[in-house]
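Novice: Now for the letters of each chain:
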Amino acid sequence: MPKNIGFISTRFAGTDGVSLESAKWAEVLWDDRHVSYWYSGRSDREPGISYVVPEAYFGHPEIEWINERIWGRTSREPLVTTRIREMTDYLKTSLYHFVKKFQIDFIIPQNVLTIPMHLPLGLAVTEFLAETGMPAIAHHHDFFWERTRFSVNGVGDYLDSAFPPSLNNIRSVVINRPAEEQIALRKGLASLLIPNVFDFDKPAPQPDEYSADVREEIGLKPDDVFILQPTRIVPRKGIEHAIKMVGMLKDPRYKLVISHDAGDEGLDYLHMLNELAKEENVDVRFIADRVSEVRQYDSLGRKMYTLWDLYPHADFVTYPSTYEGFGNALLETVYFRKPMMVNRYSIYIQDIEPRGFRFAEMDGIVTKKVVAHVQRILEDSHYRDEMVEHNYRVARRFYSYTVLRRSLRTLMTSLTGWGNGG
Amino acid sequence: MIKPISQAQLDRVRRRLRFLYGERANWLVDRFYHLIGRYGVGMEPPATSARRWDQKDVLLITYADMVHTKGETPLKTLHGFALEHLKGAVSTVHILPFYPWSSDDGFSVIDYRQVKREYGTWSDVEKLGEDFNLAFDLVLNHCSAKSAWFQDFILGISPARHYFLEMDPKTDLSAVVRPRTSPLLTKTTTRFGESHVWTTFSADQVDLNWQNSDLLFEFLDILLFYISKGVRTLRLDAVAFAWKEIGTDCLHRPQTHEIVKLLRDVCEIVDPQVNILTETNVPHAENISYFGEGDEAHVVYNFSLPPLLLHALLTDNCDYLYDWLSNLEYPEGACTYLNFTASHDGIGVRPLQGLLPDKEFDKLIKAVEKRGAHVSRKANPDGSQSPYELNITYASALSEADDAKLGTARFLCSQYFALSLKGIPAVYFHSLMATPNYDEGVEKTGAPRSINRRKWDLDELEEVLDAKKAPQADTFRQYVQVLRRRANYPAFNPDGSQELYRLGESVLVLVRTSTLGNQTVYCVFNFSSEPQTVTRPADFAPLKDTKKFYDVISAKTLSNGKRGITLKPYQAMWLVPRA
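First to last, the sequence lines map onto chains D and H. The opening position of the first sequence corresponds to residue 1 in the working numbering, with each subsequent residue numbered one higher. The opening position of the second sequence corresponds to residue 1 in the working numbering, with each subsequent residue numbered one higher.
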């Protein structure tokens, strides 16, 4: 019997991993006629199925006020506790409203019981679930112990109780094996591993009229080789390795194009990359001002493209991250049947590599061997085609909606006894 | 839950929310209840309030970067300048919008919660607040098209996707009153296609949709944030336009008044010391409607004063000023006027409606044009245009081409008159400096308002102010001195009483008496270019029994002998009877 599912997050907007994966889950649940409703502080979902509580966004000024007073220090002031409690009560009330309004049967907290970007929301969801006993699948993307910025804090008591909580009506889903181990070790909680997925049964979109001119609009000549770094400019993305690699290819036709902007974690890294590009004589294009979450025109009347408008035009993708929770860009690259250089980050080694993908792999440093492999991929079209087709087949087997559907059905049945379709 | 809200306060808030948002009120009250205490504001019950204001209260209206010097943030430079030159003369610094902005010299706000990096930091603002009271703008009618809110609107991200007013361009909006000739609707491309958004002032200043309760709460949050940063006077910019209702003129809607009342209620709950100042540059009766029943603005700009005073001094005819002042009703309770002659905007002439005959109005326009004014015009419903605002510095508006001394006397007379009136004086930075028209600025920006928006290099300004026997420096010295002296006279308490007398054609007398009735100052003004003598006791009964007076302005003692008291052209005196 179809159920009403309530997704909960601080935001459902844009192309962050949580927003994207949540939409995929909803799509798969919809196949079983379950209807999804969205509770968040920011939302680009349809207003008719959204419940937006501005205070639920981690960037809400009150939450920023709280965050400034709980992280990087080992105790908290009574006023801060009071404000946390106030906000928790308020959000909990709004959760009751949400559930009542849409007759929600089942809750899927998306990362809100995992990373304490919004402490009161985590507490509110925990209390709500404890009070109502409503079945829930907590989808965990990043735990607080995975981020150093949360390691010194004055809210250990709250983290212990709610990130994640231990309640009979909650099942935990993690996206990688180390997380599965850590949640068991630290919290004594069993979890199910559901990796990030893609709809590999549906082929990737091709350039259309709107995006046909991407290459020329970003200033590439017909002979240029478009090497895409599809990430934000933050240190853990290891972009210096991409520059190094392109430099070692020693061919002016190779252009490294970085799609997103810097600034989230300061501009030092961007400056460093610029310096390095000069030293290595690499032509790096920063095109964040032409990339948007949706297709639109900027104030100069220029077209803005989505990341999905860029992928089909790319000749090669670099992904030299030093750490990723899973690595959505990796699946996207495979989905668009593009070749890729990847750094062997820990989750990649444990979860993804064993599936048998074929990439140009680097192990912390760009060696001549790596560059030679990239060169072969770029120059040998037969080798390249075989490689991307192989990767697509692997991904379809392990990271498709079918995998997700199977796991979600199992979870829901185990929690509620509803069973398939009834 | 936070303690200090009484049931009565909460009920009042609930009534207002119901009036504005109907059935959603109960939920919004809950949300409101949780808001109180945000940023630590209103956590404790308010202390018993002292008097809201006294004779020491004088506002300085200034841009954050009015004075700048190398190696220092302009806010810090402003602080240093004010501390050195203005301590004791002004009590409050009204920093015009110092948030990141994209046009209109600050009134197109990109982020209400940040200090524009080029100006300084919140710490600079808070430090200024240690030496002066602070006044900030709450620009609530519109925000920048470059704001994150408007970007969310374009991308369809809630809650801000509902913060703006989308209109079908075919809608009949002919009844809408506005002070601009630019299109009311601006075409924008959004994620969902083409959209037309309401833009009262300019395409870059997109009107906000107050019918959306999330927007109200956004602003309540900003209000509490500003209070946590030390604001004491909150200026509600262009508030009259806030609530739009198709089919009406969209001006002064009852809901707009209710919003002001609600903001005042919130201030009373969290910090009763905070004053609400409404900015509504409209005809007098409409302007003062923002006093409500003593439950809206604490302070309202006295918008008719600048142009009427200008007219009186440029025509040597104070009839209309006298008539207006004789009929001016003063609000009761904790409400008063903000008496000013100039601000960062031009001199609005719409408030003259009904106060000045057309012939006199034309005379005024000609007189200021002769002195270099730009006259901004507004579109009328019949397609014609009429003067809306005079763009000129107040000092230049009263200048005399061939007689600098006379011009200075006339200008100071205007300033002292404004300082004498019942209410709180507000002095624009360029009035204090008697800055002449900044024509280069107009040339540079193409905006007529730049004429009165010069920014000073600190060294350059100090040089101007230090100059010996220079009219600008003399004016500044005298002005500041008089401000400091005024602060010692409780007769100038905004709540003190005021009587008005007219002696002959050109002499006005304001009798100001302290709230306790124990001090009276006779403020005498000569509005003509000829000397005037107050001779016979019949001229002015209150003065007849007093033989000697102390003139606060000149710091001289005068005798009321047979020849009476003679005022030079445009002289002002503040006479305190001597035993």
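Don't read these hints as lab results, they were simulated from the structure. Quick caveat, the model's predicted, so the values are computed rather than measured. Note that beta-carbon positions come from the ideal geometry of N, C-alpha and C, so glycine has one too. Mixed in with the good hints, there may be bad ones.
Cut-off 25 Å, straight-line C-alpha distance, at most; resulting in silico cross-link-like pairs (DSS-like, lysine-lysine) [what the hints assert, rightly or not]:
{"no.": "1", "chain 1": "D", "residue 1": "K278", "chain 2": "D", "residue 2": "K202"}
{"no.": "2", "chain 1": "D", "residue 1": "K250", "chain 2": "D", "residue 2": "K92"}
{"no.": "3", "chain 1": "D", "residue 1": "K303", "chain 2": "H", "residue 2": "K146"}
{"no.": "4", "chain 1": "D", "residue 1": "K303", "chain 2": "H", "residue 2": "K187"}
{"no.": "5", "chain 1": "H", "residue 1": "K366", "chain 2": "H", "residue 2": "K187"}
{"no.": "6", "chain 1": "H", "residue 1": "K70", "chain 2": "H", "residue 2": "K56"}
Partial chain H-side listing against chain D, Cβ under 10 Å, derived [said to hold, decoys possible]:
{"no.": "7", "residue": "D30"}
{"no.": "8", "residue": "G40"}
{"no.": "9", "residue": "R191"}
{"no.": "10", "residue": "F225"}
{"no.": "11", "residue": "H374"}
{"no.": "12", "residue": "V375"}
{"no.": "13", "residue": "R377"}
Novice: Against this structure, judge whether each hint is valid.
Specialist: Now the hints, each set against the structure:
no., hint, result
1, D/K278 x D/K202, "violated (41 Å)"
2, D/K250 x D/K92, "violated (58 Å)"
3, D/K303 x H/K146, "holds (17 Å)"
4, D/K303 x H/K187, "holds (17 Å)"
5, H/K366 x H/K187, "violated (38 Å)"
6, H/K70 x H/K56, "violated (33 Å)"
7, D30, "holds (7 Å)"
8, G40, "holds (6 Å)"
9, R191, "holds (5 Å)"
10, F225, "holds (6 Å)"
11, H374, "violated (29 Å)"
12, V375, "violated (32 Å)"
13, R377, "violated (29 Å)"
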